[in-house]
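2 protein chains.
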Amino acid sequence: MASIKQQMMEIGRNARAASRELGAAAATVRQAAIEGMAANLAAAHDAVMAANEDDLRAAAAAHADQAFLKRLQITEKIFAYMVDRLREAARLPDPLGIVLEGHTEPSGLEVSRVSVPLGVIGIIYEARPNVTTDAAAVALKSGNAVILRGGSEAWRSNALLVSLMQDAIAAQGLPANAVQMPSCPDRQAVRELLRLDRYVDVIIPRGGKELIRAVSSQSRIPVIKHYDGICHLYLAADADPAMAVALTVNSKCQRVEVCNALETLLIDRAGAKTLLPAIARALQDKGVELRGCARCRRILPELKPAVPADWDTEYLDAILAIRVVDGLDAAIAHINRHGSGHTDGIVTRDLQAAKLFLERVDSASVLVNASTRLSGGGDYGMGAVVGISTGRLHARGPVGPRELTTYKWQVRGNGQLRY
Amino acid sequence: MASIKQQMMEIGRNARAASRELGAAAATVRQAAIEGMAANLAAAHDAVMAANEDDLRAAAAAHADQAFLKRLQITEKIFAYMVDRLREAARLPDPLGIVLEGHTEPSGLEVSRVSVPLGVIGIIYEARPNVTTDAAAVALKSGNAVILRGGSEAWRSNALLVSLMQDAIAAQGLPANAVQMPSCPDRQAVRELLRLDRYVDVIIPRGGKELIRAVSSQSRIPVIKHYDGICHLYLAADADPAMAVALTVNSKCQRVEVCNALETLLIDRAGAKTLLPAIARALQDKGVELRGCARCRRILPELKPAVPADWDTEYLDAILAIRVVDGLDAAIAHINRHGSGHTDGIVTRDLQAAKLFLERVDSASVLVNASTRLSGGGDYGMGAVVGISTGRLHARGPVGPRELTTYKWQVRGNGQLRY
Numbered sequence: 001m002a003s004i005k006q007q008m009m010e011i012g013r014n015a016r017a018a019s020r021e022l023g024a025a026a027a028t029v030r031q032a033a034i035e036g037m038a039a040n041l042a043a044a045h046d047a048v049m050a051a052n053e054d055d056l057r058a059a060a061a062a063h064a065d066q067a068f069l070k071r072l073q074i075t076e077k078i079f080a081y082m083v084d085r086l087r088e089a090a091r092l093p094d095p096l097g098i099v100l101e102g103h104t105e106p107s108g109l110e111v112s113r114v115s116v117p118l119g120v121i122g123i124i125y126e127a128r129p130n131v132t133t134d135a136a137a138v139a140l141k142s143g144n145a146v147i148l149r150g151g152s153e154a155w156r157s158n159a160l161l162v163s164l165m166q167d168a169i170a171a172q173g174l175p176a177n178a179v180q181m182p183s184c185p186d187r188q189a190v191r192e193l194l195r196l197d198r199y200v201d202v203i204i205p206r207g208g209k210e211l212i213r214a215v216s217s218q219s220r221i222p223v224i225k226h227y228d229g230i231c232h233l234y235l236a237a238d239a240d241p242a243m244a245v246a247l248t249v250n251s252k253c254q255r256v257e258v259c260n261a262l263e264t265l266l267i268d269r270a271g272a273k274t275l276l277p278a279i280a281r282a283l284q285d286k287g288v289e290l291r292g293c294a295r296c297r298r299i300l301p302e303l304k305p306a307v308p309a310d311w312d313t314e315y316l317d318a319i320l321a322i323r324v325v326d327g328l329d330a331a332i333a334h335i336n337r338h339g340s341g342h343t344d345g346i347v348t349r350d351l352q353a354a355k356l357f358l359e360r361v362d363s364a365s366v367l368v369n370a371s372t373r374l375s376g377g378g379d380y381g382m383g384a385v386v387g388i389s390t391g392r393l394h395a396r397g398p399v400g401p402r403e404l405t406t407y408k409w410q411v412r413g414n415g416q417l418r419y
Numbered sequence: 001m002a003s004i005k006q007q008m009m010e011i012g013r014n015a016r017a018a019s020r021e022l023g024a025a026a027a028t029v030r031q032a033a034i035e036g037m038a039a040n041l042a043a044a045h046d047a048v049m050a051a052n053e054d055d056l057r058a059a060a061a062a063h064a065d066q067a068f069l070k071r072l073q074i075t076e077k078i079f080a081y082m083v084d085r086l087r088e089a090a091r092l093p094d095p096l097g098i099v100l101e102g103h104t105e106p107s108g109l110e111v112s113r114v115s116v117p118l119g120v121i122g123i124i125y126e127a128r129p130n131v132t133t134d135a136a137a138v139a140l141k142s143g144n145a146v147i148l149r150g151g152s153e154a155w156r157s158n159a160l161l162v163s164l165m166q167d168a169i170a171a172q173g174l175p176a177n178a179v180q181m182p183s184c185p186d187r188q189a190v191r192e193l194l195r196l197d198r199y200v201d202v203i204i205p206r207g208g209k210e211l212i213r214a215v216s217s218q219s220r221i222p223v224i225k226h227y228d229g230i231c232h233l234y235l236a237a238d239a240d241p242a243m244a245v246a247l248t249v250n251s252k253c254q255r256v257e258v259c260n261a262l263e264t265l266l267i268d269r270a271g272a273k274t275l276l277p278a279i280a281r282a283l284q285d286k287g288v289e290l291r292g293c294a295r296c297r298r299i300l301p302e303l304k305p306a307v308p309a310d311w312d313t314e315y316l317d318a319i320l321a322i323r324v325v326d327g328l329d330a331a332i333a334h335i336n337r338h339g340s341g342h343t344d345g346i347v348t349r350d351l352q353a354a355k356l357f358l359e360r361v362d363s364a365s366v367l368v369n370a371s372t373r374l375s376g377g378g379d380y381g382m383g384a385v386v387g388i389s390t391g392r393l394h395a396r397g398p399v400g401p402r403e404l405t406t407y408k409w410q411v412r413g414n415g416q417l418r419y
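Chains as they are written, first to last, in full-length UniProt numbering: chain A, 1 to 419; chain B, 1 to 419.
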């Protein structure tokens, strides 16, 4: 058997070759391949569930905890979601060959900038097998080849999913190597993948901070990072009280363990007395632990005191820090200092406050009168995404098919020279 | 005196603070600051020339070679160019606050993506002092703060240029720290700059391959790279002979030492007998050394033979490799294999050949019937640029003000929740 290093080189070379064919394939053919992936997956329901059962049994035998097993499991709901996401990706508008801009220079040179695939994407992820189909769909939609390196515990599920997708791709006359995974879960494969800068154009790690830090520090390939979400909601004094309660509860409680869940609530001091008691009650009814600043605790003395570290913590849990601030500027300053630039919102009825918040808060998503939980991409109309970028270069916020494209300059002349 | 490390931390912190103010400043104010930079520079002509004289004298005393001294010198022509570039940058359309796309979701959520500054840019460069003003203009135009680390030999010139620009910026009420450079040319400043990932969003190295490689391997901050230009021109058999000669000569000879100069000429075998002799004569008249493949040498036996390494060499000199190929597909395959994805062109009268070349050649700039020397950005209407990216992420090809922006998602709702 070839060494892991040789195998990964081979996978990289194959991916590069496949990416050239994909980039030249018609949108209708790529779309048919993704539809075929959905059909193959739906038809293989029982086999996928059985493979996932095997993964779950092995993980349980290895004493994986309940949260881990939950992430690993393909429930009926998740299975249906995987099929739906593939169908949805097939239907999305094609992101390639779009003339992003174009004009004729005074010299007569016709200059245009046209979207093209990035090339080869490497995805390194942990337990969730739905990333396998989501990432392949997003990559293929944008004409990219993808190398998938999922968690070892999901290996049987992922291997079956990849082979079903490869069959659908080949059935359209496209290269099956458009979607590949290593042949075994050896950890060395990750290290080798991160060195394939000759063949791989971008690495997207999906998982905990440790994974992302390890990948970033080792990679010779540019990395699109998905770090912390320390998300804020600022309630202005004029916020509609019912809306303030509903948005706070939804932002915090709809799912506590995700990156765009609310971690710190800021309330204008002029509205704190009215808003805070109702919000605290609603959150406590949902079992959320509240940690308040000194001014919060003057209104609700029973709150646990917040310490400075709370303003910089991503709980990913049923805990919320609450701080009373002196108006809009103080709220913006707090967010730009303590936030992670992920998702931050304001609740207000004031046009100027909304405008300033949207302009001054330096985050990937800034929202007015909407739940922070809406920044995942689906609610922006993006369909399947492979992650949410917290970096500023290339992609910021949700990473869908369009974010996996780059562009080329196409220039048409009739003999123009440089003088 | 503070340590270099402390000084660079201070510079980083100041740049971050300045970037927040710049991002919030009106376009008219940033424009006035750049116009002021041009006016200050024009008014300080004699002082700038004197500082540059001092740099040149010191470099000559240290036995710098002629090519180096040439790069270091601010000639009258370069001085005029520096002033013009600043004025031109001031006049360019503002790249900030552009709604890149926008729509209303079925939920009623109004979603838009708006251009914003990247934040803080670090530029590491070698001798040419005109980079100091070009880079500052491009950065300020796009609302970014910039940290300039030029070559030690240009220190007196650069220090004066930076102080003239800071005065102009402060005169508009903007933070002078929008443009900074270290206080002394200690090499440690570069290493410290590359570690300021907390304050600096992107590093752009400008200079030789060694500089770029060293910066890329040390940097904790994303790098926009500017590597080799192994640029090609492919002459189809139906190419207009006069245009083929003119474009080849201009692409190769207009300036031989730059990244978008021609390095390899490909000629369709069906046109080689007609085209090659005239082109060889024109190039030899300009003193270009030609290295031909075996099929070239059957037509012109006096040519020096090309060896395989020639196809992968960026000469940056008066040397050209020439290869006869079997038509369009072979030309595209050669370019995608041996090229560096920088700038490649075709000369043809055939619509379908032009279309296929534009689609299939995977380079930042692909041109039909135009000189490769046109891909620097100015001839695309971009004005001042800080470099030409050979990477695929974020910016591809010329890097102007627009390429130093990112975006944020602005979302306006009326209470939307996630279910």
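Because the hints were derived from the structure by calculation, they are not lab data.
From a predicted model like this one, the values you see are computed outputs, not experimental measurements.
Glycine included, C-beta positions come from ideal geometry on N, C-alpha and C.
Be a bit skeptical, because a hint or two may be false.
[What the hints assert, rightly or not] Footprint (simulated), chain B over chain A, 3 or more residues, beta carbon under 8 Å:
1) 73 to 83
2) 400 to 414
[What the hints assert, rightly or not] Chain A is faced by these chain B residues, among others (derived, beta-carbon under 8 Å):
3) Asp317
4) Ala318
5) Gln416
Checked hints:
1. Only when three residues or more bring their CB closer than 8 Å to a CB of chain B does the claim for the stretch 73 to 83 of chain A stand; here the count is 0, and the claim is violated.
2. Remark: the stretch 400 to 414 of chain A is confirmed as covered by chain B, as 9 of its residues place a Cβ nearer than 8 Å to a Cβ of that chain, reaching the required three.
3. A hinted interface residue such as Asp317 of chain B counts as satisfied when its beta carbon comes closer than 8 Å to some beta carbon of chain A; here the least separation is about 18 Å, so the hint is violated.
4. Violation of the interface hint for Ala318 of chain B is found here, the shortest Cβ-Cβ separation to chain A being roughly 17 Å, above the 8 Å cut-off.
5. Hint on Gln416 of chain B holds. Least Cβ distance to chain A is approximately 5 Å, under the 8 Å limit.
The earlier numbered hints that this structure contradicts are 1, 3, 4.
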